[in-house]
Amino acid sequence: MNTEDIPLQTLLRQTRPAPALPPRFQQNVWRRIEDAEAPAQPASWLDALANLILRPRFALAAAAVLLLMGVFAGTLEGRQMVRHDAQMNYLASVAPHVLR
Amino acid sequence: MNRSLVILLGALALGAGIFAGSYFTAQRATVMCCAKPADDLGWLQMEFHLGDAEMARIRELHDGYLPKCAEMCAKIAAKKDELAAVLGTSTNLTAEAQTKLNEIAALQAQCQAQMLEHFAAVSQAMPPEQGQRYLAEMKRLTLGTNELMEQSMSDHAGHEHGTN
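Top to bottom, those sequences are chains A and B. Residue numbers for the first sequence follow this note's numbering, beginning at 1 and rising by one. Residue numbers for the second sequence follow this note's numbering, beginning at 1001 and rising by one.
Treat the hints as calculated values from the structure; they're not laboratory data. Treat the hints loosely; a few may be bogus.
Sample of chain B residues at the chain A side, in silico, Cβ under 7 angstroms [unchecked claim]: (1) G1017; (2) I1018; (3) F1019; (4) Y1023; (5) C1034; (6) F1048; (7) L1107; (8) Q1110; (9) Q1114; (10) M1115; (11) L1116; (12) E1117.
Not close to chain A: a few residues of chain B, all C-beta gaps over 10 angstroms, as computed [claimed, not checked]: (13) N1002; (14) A1020; (15) T1099; (16) G1131; (17) T1142.
Backbone N, C-alpha and C fix where the C-beta goes; we use that ideal spot for every residue, glycine too.
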């Protein structure tokens, strides 16, 4: 801003009438801002759940937990299968009549 | 349809997909990486945590036992063929067929005794605790099958007698 314009601006401001603010103007402004920023209350538990699911943090955490659980359960099951197959191989070699 | 319900169902489907995908991938990867189909004794090493020296001794016992086991199996198979020939198309159980049945039973008992001797020898090649566990497991797997079969047959027979 040009410093030479300051006296001119002051003069212009003085010529313009400044209306008085209504009572509690500032409080009302802040209340409106807070109301606008506050999330809307969900209508039902289903909406609340949907809102929760759509939160990126929750979605990412749930996906990670499911992935880990799947890997854990799959590894356990795979180990059981390997163990069972190996056991059957051994049994077939030492006691073939049992498997007939 | 309600938007929230669609989101919920979509999330459930996605979650199930993530779980199933990771489950089957992990299962297949474990089977592919850990399976040793070529080695009959892989299970012993895996299950009873045996060292190389113990495995070498057990492999020696195993290799010594296999020809004996094969010989017994061949004898039993031959005797079963003889029984089938004697039975032929006859509807009666002849004395000769009864003899063959007794011979088969004797051979099977001999085979089983030989097998149990082998299990005992293998168990002695293991650390005592593992050896006992191995012996118990092998008895359960080999003798337990026959016991279960006999048990189910006796249950079935008892049930039929009860209805008469």
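Hints and how they fare:
{"no.": "1", "hint": "G1017", "verdict": "9 angstroms, violated"}
{"no.": "2", "hint": "I1018", "verdict": "5 angstroms, holds"}
{"no.": "3", "hint": "F1019", "verdict": "4 angstroms, holds"}
{"no.": "4", "hint": "Y1023", "verdict": "4 angstroms, holds"}
{"no.": "5", "hint": "C1034", "verdict": "5 angstroms, holds"}
{"no.": "6", "hint": "F1048", "verdict": "11 angstroms, violated"}
{"no.": "7", "hint": "L1107", "verdict": "10 angstroms, violated"}
{"no.": "8", "hint": "Q1110", "verdict": "12 angstroms, violated"}
{"no.": "9", "hint": "Q1114", "verdict": "10 angstroms, violated"}
{"no.": "10", "hint": "M1115", "verdict": "6 angstroms, holds"}
{"no.": "11", "hint": "L1116", "verdict": "10 angstroms, violated"}
{"no.": "12", "hint": "E1117", "verdict": "11 angstroms, violated"}
{"no.": "13", "hint": "N1002", "verdict": "7 angstroms, violated"}
{"no.": "14", "hint": "A1020", "verdict": "7 angstroms, violated"}
{"no.": "15", "hint": "T1099", "verdict": "21 angstroms, holds"}
{"no.": "16", "hint": "G1131", "verdict": "15 angstroms, holds"}
{"no.": "17", "hint": "T1142", "verdict": "5 angstroms, violated"}
Checked against the numbered hints given earlier, the structure breaks hints 1, 6, 7, 8, 9, 11, 12, 13, 14, 17 and satisfies all the rest.
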